[in-house]
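Q: Protein chains in written order, with this note's numbering: chain F, 1 to 419; chain R, 1 to 165.
Mixed in with the good hints there might be a few duds.
[Said to hold, decoys possible] Beyond 12 Å from chain R on every Cβ pair, some chain F residues (computed): (1) 28; (2) 74; (3) 90; (4) 96; (5) 170; (6) 194; (7) 233; (8) 242; (9) 247; (10) 269; (11) 282; (12) 283; (13) 318; (14) 322.
[Said to hold, decoys possible] Below, computed lysine to aspartate or glutamate pairings styled on EDC-like, alpha-carbon distance capped at 20 Å: (15) F:168 - F:74; (16) F:53 - F:152; (17) F:48 - R:117; (18) F:80 - R:42; (19) F:373 - R:29.
In case anyone wonders, no lab produced these hints; they're calculated from the structure.
Remember, it's a predicted structure, so these values are computed and weren't measured experimentally.
In this text, a Cβ means the ideal position worked out from N, Cα and C, and glycines have one as well.
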Amino acid sequence: MTMTITEKILARHADLDLVRPGMLINARVDIALGNDITAPIAIDVFRKAGAKKVFDRDRIVLVPDHFAPNKDIESAEQCKIMRDFAHEHQISHYFEVGEAGVEHALLPEKGIVGPGDLVVGADSHTCTYGALGAFATGVGSTDLAAAMLTGELWFKVPETMKFVYHGKLRPWVGGKDLILHTIGRIGVDGALYRTMEFTGEAIRELPMSDRLTMANMAIEAGGKNGIFIPDAITEAYVRGRAERPYEFYSSDSDAAYHSVIEIDVGKIEPQVSFPHLPSNARGISQVGDVRIDQSIIGSCTNGRIEDLRVAASILKGRHAARGMRLIILPATPTVYRQAMHEGLFDIFLDAGAVISLPTCGPCLGGYMGILAKGERSVATTNRNFAGRMGHPGSEVYLAGPAVAAATAVAGRLAGPDQL
Amino acid sequence: MKISGRIWKFGDNIDTDAIIPARYLNIWEPQGLAAHCMEDADPGFMKKMRPGDILVGGENFGCGSSREHAPIAIKAAGIACVVAKNFARIFYRNAFNMGLPIFESPELWGRVENGAEIEVDADAGLIRIVGVAADPLKIPPFPPFMQQLIAAGGLMNHIAKGRAK
Ligand code: SF4
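In isolation and in its complexed conformation, chain R is listed as follows (with noise of 0.2 Å):
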């Protein structure tokens, strides 16, 4: 899998608060939730990222309330990716399960500007930053069974395979 983009940057203990406010959690269809990505994070969000950007959090991206909203609303908003120097453990099962590509990176944060372009290529466990001369970042690689429920497209079709055996 390999993922281009212009970065959007957050800080540290990005909540699920700030993804998708708790106000809207009466909704739950992924395109009403999307409307409302990121907006208690940053209130003018929605109107300028364009699908295929990648977002970039610090450490404990999706800490909080266990809601799949916060992902899904991500996904549906057109995000491509979430890369982030470590995320809360709910977000990251949540992010596996229903299928939002994210990376762990210590460094990328230090080293990228808002609405830098960068190119994550998750087969090699690399991450470039386009336009700059220097090695590429490692990301380290997903444990065997997490690489599975990528492969699977997500939780429910890796237990329905298991099944179908």
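Next up, chain F with everything else stripped away, as it sits in the complex (with noise of 0.2 Å):
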């Protein structure tokens, strides 16, 4: 019987041979995530059902990003929380400031996670590993705690949607110009409960980076998750990082689909996402005159040294527009360190930038970029709800880093050809 890469992973995390889109599983948890919000939640449940012990100390990671360095006294406590729970349980991936970077970044750099992997977090953007070829999902509090206590947890086997992206890819047109574009065709819940499978010769080129950022917005779409087919540049990423051995997964060619959507990547230009909704994409040619008020390159979804690299060579020798603020936040310190020794940071400072710690920040309008009523940010980030950044009479437009550098300097929403 033939099934999906996403099929395969759950059958043999369930123990059973075959699984079908609908079946209800219990299956095994190789890594269960929580964050400074969702966690204290989670350990609170853990600790109101009577549970004394975690199953496995060296599967759970507790990562403070999202409000850490703590930004008030309320975030205080609720890292606190984390911290002596990840103390008291000897949780073996527990990052303190100083290590810890935005989760989604630093898990797969550090080798946490890998192909083949059965991955949950209290974090919607949960879905980014599917990159490396592992089924990776979002999930609640609730979940976490009883991950957290059991090592398992139930799934609706989902149904697969099939991307495949043909051509070759125009200049500044990275993974983010082809998830916006993608999540503009489909919409919101265009894959609500579904799988969305990467694939197509475009793809078998994209770098572990564009894929990382184009899994992380499965979500996006209303997607259990997002995978692409583990290959040789998932073996280059994996191979001398990868903590625990793993093991790829593909998808039979005649397995069944919910539908399968061709697209065309040699008609993409740079995207840009338009308030209030990630599927209000259109090309850069399209935007019109938007005057923006702060850039902002970093996040789960942008924020790596590829990411920064991109921003660097549009910026070097610019500097940002009069009146905009451009903040930089590379993701994890690996990459701020890199960023500073690739001598990125001259090119930052030089363009007027200001360059953040490793934390989610402003992406979710926690601190350090928050919006006023009626001001517009460009982002590289995920998502552009009214309020994500700020006042609810604020603005997002979401991009990926040529689109945002390039915007910075224009002081309006560009592309770097616009320059």
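Take the two lone chains, each set in its own frame, and fit them into one complex as the hints suggest.
A: Set out below in structure tokens:
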């Protein structure tokens, strides 16, 4: 019987020979993740259930990244709940400030998640790890409590939508543009409850950082997970990095799909998603004249070294427009150090940018880059819901690092070719 | 389970930032979250709602982040249940796991005005609109496993039961 990669990983973790979409299964979890916002509730649920011991102290990952370093007293209390729990249960993957970065950039970088894994995280962008050929999905805090206690969780096997990307990428087009375009085509609930499997010749050449960006945003189409078939690029990324043995799965050639969507990438120009939905995507030539106050380059979507290099290549020798706040957030300490060593910090500082510590910060309207009423930010983040980055009357325009950098220079929405 | 109450109607794609804005996620106690329930969808909501009221949403209710703070805020505000055309999947999971009753009805949204009274009869799988003579609307039954979760009072109780066996 034939299966997709997602079905195979779920079947293996449920000790079943075969699973089919719609089946409810109980499956083993390789890694369970929480952050400073979601873990406190999970810990409360865990304790209230009378649980005394976690299932495996090496399989739980706790990252203070959203409001850390503590932005206020309430955040400090939340981080403390998580820190105390991590110490009490001797959680091996607890990252203190200084080691911590944005969780979904940190876990792949450290090799904590790998191909063939089943990963759950109390954070919706846990789907990022599908880039490695893992089944990874966001869950809630009660789910995290259950997974921390039992090492298992219930799942409904999703149907899979196959996205086939043909052709060659145009200049300045990356994973972010592909996924914004795709969400624009199918809508914010276009993949509701389903898997998005990303394939095609354009994907086979796509670097890991772009794959991580694409898988990251599967949830923005309502998807349960996004997934790539692991290949030589995957192998090169995980070799020497993965801390556990990993396994490559792939979809059978005659596996059953909910639908197959073909996309010619040669027709896709750099994209911008207008407020207030990620699906409001347009090509850069169609954006019109939109004045912008702030440019945010970072986050779990586009805060890796490759993203900073793209931004730096555009900002080099240029300066942010008058009145523009340009904020760069390297996603992890490793990215931070690398960017510093490569001289990117000089380019950013010369361009008038401020360089933040590795944190989620403004991405979810937390701190360091909050918008006032009526202000507009372009951002390489993943959500532009009303109020996401500050005042409910502010606006967020989603784009890749090239457009975010060019916009910072132009002071209005622009691509690198318009500078 | 029978629930009746006055409804508050919201549109499609009510995201978790509208249900409980991220700026309040430095709070995790239910009552603290409830004070800001639906704030970015309707700033005056908590002033006018009464405990026992019902939320009615369009498509993809609860989309966006995985924050369980969203169903927690709704439940702690005293909302009796949520009826939507459909739900985003993490919100759907969370609601069952933590014990907020939710129901899918593609039809109700188009049939009721804000402020209408409805009766949800979960066991019979029916929704009646009070004062409207038409046949009740059918709601599809939940899969048996979800019914077990509801009967146990959420996921952790369900697990505790299984472990006690
Ligand atoms: S960077 Fe933004 S989307 Fe990513 S984990 Fe942090 S808050 Fe969530």
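Q: Taking the hints in turn, state whether each one holds.
A: Results for each hint:
1. 28: 15 Å, holds
2. 74: 4 Å, violated
3. 90: 23 Å, holds
4. 96: 19 Å, holds
5. 170: 30 Å, holds
6. 194: Non-interface label fails for residue 194 (chain F): nearest chain R Cβ at 9 Å, not farther than 12 Å.
7. 233: 28 Å, holds
8. 242: Since the minimum Cβ distance to chain R is about 25 Å, residue 242 (chain F) lies beyond 12 Å and the statement holds.
9. 247: Holds: least Cβ distance 26 Å, greater than 12 Å.
10. 269: Holds, because the least Cβ-Cβ distance between residue 269 (chain F) and chain R comes to about 26 Å, which exceeds 12 Å.
11. 282: 19 Å, holds
12. 283: 23 Å, holds
13. 318: 32 Å, holds
14. 322: 29 Å, holds
15. F:168 - F:74: 49 Å, violated
16. F:53 - F:152: Roughly 14 Å separates the two Cα atoms, so the pair holds.
17. F:48 - R:117: 36 Å, violated
18. F:80 - R:42: 33 Å, violated
19. F:373 - R:29: Distance ~28 Å between residue 373 (chain F) and residue 29 (chain R) Cα, so the pair is violated.
Going down the numbered hints, you'll see the structure goes against 2, 6, 15, 17, 18 and 19, while the others check out.
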